[in-house]
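Residue numbers (my numbering), protein chains in the order written: chain A, 1365 to 1467; chain B, 1365 to 1467; chain C, 1365 to 1467; chain D, 1365 to 1467; chain E, 1365 to 1467.
Since the hints were derived computationally from the structure, they do not count as laboratory data. Wrong hints could be hidden among the right ones.
What the hints assert, rightly or not - For lysine-lysine, the following BS3-like pairs were computed, each having C-alpha atoms within a straight-line distance of at most 25 Å:
1) 1403(E) x 1459(D)
2) 1459(E) x 1459(D)
3) 1403(B) x 1403(C)
4) 1387(D) x 1459(D)
5) 1403(C) x 1387(C)
6) 1459(E) x 1387(E)
7) 1403(D) x 1459(A)
8) 1459(C) x 1403(B)
9) 1387(A) x 1459(A)
10) 1387(E) x 1403(C)
11) 1403(A) x 1403(D)
12) 1387(D) x 1459(A)
13) 1403(E) x 1387(E)
14) 1403(D) x 1403(E)
15) 1387(A) x 1459(B)
16) 1459(E) x 1459(C)
17) 1387(D) x 1403(C)
18) 1403(A) x 1403(B)
19) 1459(C) x 1387(B)
20) 1387(D) x 1460(A)
21) 1403(B) x 1403(D)
22) 1460(C) x 1387(B)
23) 1403(A) x 1387(B)
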Amino acid sequence: MQIAKVRGTVVSTHKTRSLTGVKLLLVQYIDAQGELMPKYEVAGDTVGAGINEWVLVSRGGAARKESGHEERPLDAMVVGIIDTITVDNRQLYSKKDEYRMSQ
Amino acid sequence: MQIAKVRGTVVSTHKTRSLTGVKLLLVQYIDAQGELMPKYEVAGDTVGAGINEWVLVSRGGAARKESGHEERPLDAMVVGIIDTITVDNRQLYSKKDEYRMSQ
Amino acid sequence: MQIAKVRGTVVSTHKTRSLTGVKLLLVQYIDAQGELMPKYEVAGDTVGAGINEWVLVSRGGAARKESGHEERPLDAMVVGIIDTITVDNRQLYSKKDEYRMSQ
Amino acid sequence: MQIAKVRGTVVSTHKTRSLTGVKLLLVQYIDAQGELMPKYEVAGDTVGAGINEWVLVSRGGAARKESGHEERPLDAMVVGIIDTITVDNRQLYSKKDEYRMSQ
Amino acid sequence: MQIAKVRGTVVSTHKTRSLTGVKLLLVQYIDAQGELMPKYEVAGDTVGAGINEWVLVSRGGAARKESGHEERPLDAMVVGIIDTITVDNRQLYSKKDEYRMSQ
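Construct the entire structure; sequences and hints are all you get.
Quick look at the structure:
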């Protein structure tokens, strides 16, 4: 999986029927230093991720493993909201601190 | 999925039989700032997307999830026409404005 | 799918048994401006594509959708010979003109 | 598979149910000269890899081949801890020496 | 498939059980001009490829098409030893000449 930040939403009313009811998030990838990269994904969401949250994104067939999504043409899915990332025993990211900082 | 703009069409009369009747669009990828990238895809289309429309493109096995396409050698499919893209509570793209601008 | 130009052939006599009888083409990718890119693929061929022809290449599981190829370890397949590519209502490529020019 | 170094861990309490109990490692890819690359993966772990160990990472459907992981939305998995890498009859990496050096 | 040169081997004793008995080769990709690229793969081998031989590497699900490997977490496999590569009617590589040259 890749680490990404929820940046926004994509709305498509005229789409393939099997995508009906799927919330589509625009998530932007984050590198191993915690910086935003240009690369993004439009991903389905089943965990209720909100704007600016850091999430885990699964790609390929993994995106269709969620119950009820097996037959949908999804190639990217938000599968978890990240609490903490620890690299070399140092905390790279903490959701709690993120919220504290933004208040 | 990735965001792409429909740029044109590809015609192939001598092709594998299972591709008969599939409309092939040349779509060019768009980055998270809304700019065209060099990368493109020749994708099947089941939503009737037109030239210059912004669309969602699914790749890999997702491209064969559409009913009737399970056994076709497709690795990219247009699965939706985009109405709006919102990033950081700002509208990056709106199909309605696009049309208004181009009139 | 990606657009590619047939550049040559690869011969392997000592290979996995399931590849027996599969013709392997070396195809080089072409960008959205019609220029050769460094990227290439060694792809199976079921449409009888010839040297210098522009073709459509499917990758991943799509390469094994052709009847009789389901169990072969192929990850790229030539699935069509391109007649025309039209971008922004301008013809980027025409097989007919290509042949006329090279005579 | 790619060679990667275990750099840390990712914790997500609010995630898709099928990921419950899966330990998620942040692994950073290593190039053919043995140097760290910017590219990383958040991968499941079933071999009990520890921080700084060099591991083998499988991606795509291969990540779900481990017994009990078939239905989990994983697209990357640590499948082995590397003992030695030999290139051109020269040892590029040895786990034993790595430990000796770091003492 | 991609063209690669066998550069070495990777040994992992502590690995997922289903990889037991699989020989793992470190193969480095070769571009369309016949030059080594930085990109590599750790691939399974069922054709008995030796150091310095040029081989064909299949990736993704194709790597698990070999009989007996369907349930192994492999995402890359050496599927053939290359005899000749011909580009634009010129021989880019010949295994026979390679051996003659190196004697």
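Taking the hints in turn, this is what the structure says about them:
no.	hint	verdict
1	1403(E) x 1459(D)	23 Å, holds
2	1459(E) x 1459(D)	35 Å, violated
3	1403(B) x 1403(C)	13 Å, holds
4	1387(D) x 1459(D)	22 Å, holds
5	1403(C) x 1387(C)	20 Å, holds
6	1459(E) x 1387(E)	22 Å, holds
7	1403(D) x 1459(A)	23 Å, holds
8	1459(C) x 1403(B)	23 Å, holds
9	1387(A) x 1459(A)	22 Å, holds
10	1387(E) x 1403(C)	28 Å, violated
11	1403(A) x 1403(D)	13 Å, holds
12	1387(D) x 1459(A)	19 Å, holds
13	1403(E) x 1387(E)	20 Å, holds
14	1403(D) x 1403(E)	13 Å, holds
15	1387(A) x 1459(B)	19 Å, holds
16	1459(E) x 1459(C)	35 Å, violated
17	1387(D) x 1403(C)	36 Å, violated
18	1403(A) x 1403(B)	13 Å, holds
19	1459(C) x 1387(B)	19 Å, holds
20	1387(D) x 1460(A)	21 Å, holds
21	1403(B) x 1403(D)	20 Å, holds
22	1460(C) x 1387(B)	21 Å, holds
23	1403(A) x 1387(B)	28 Å, violated
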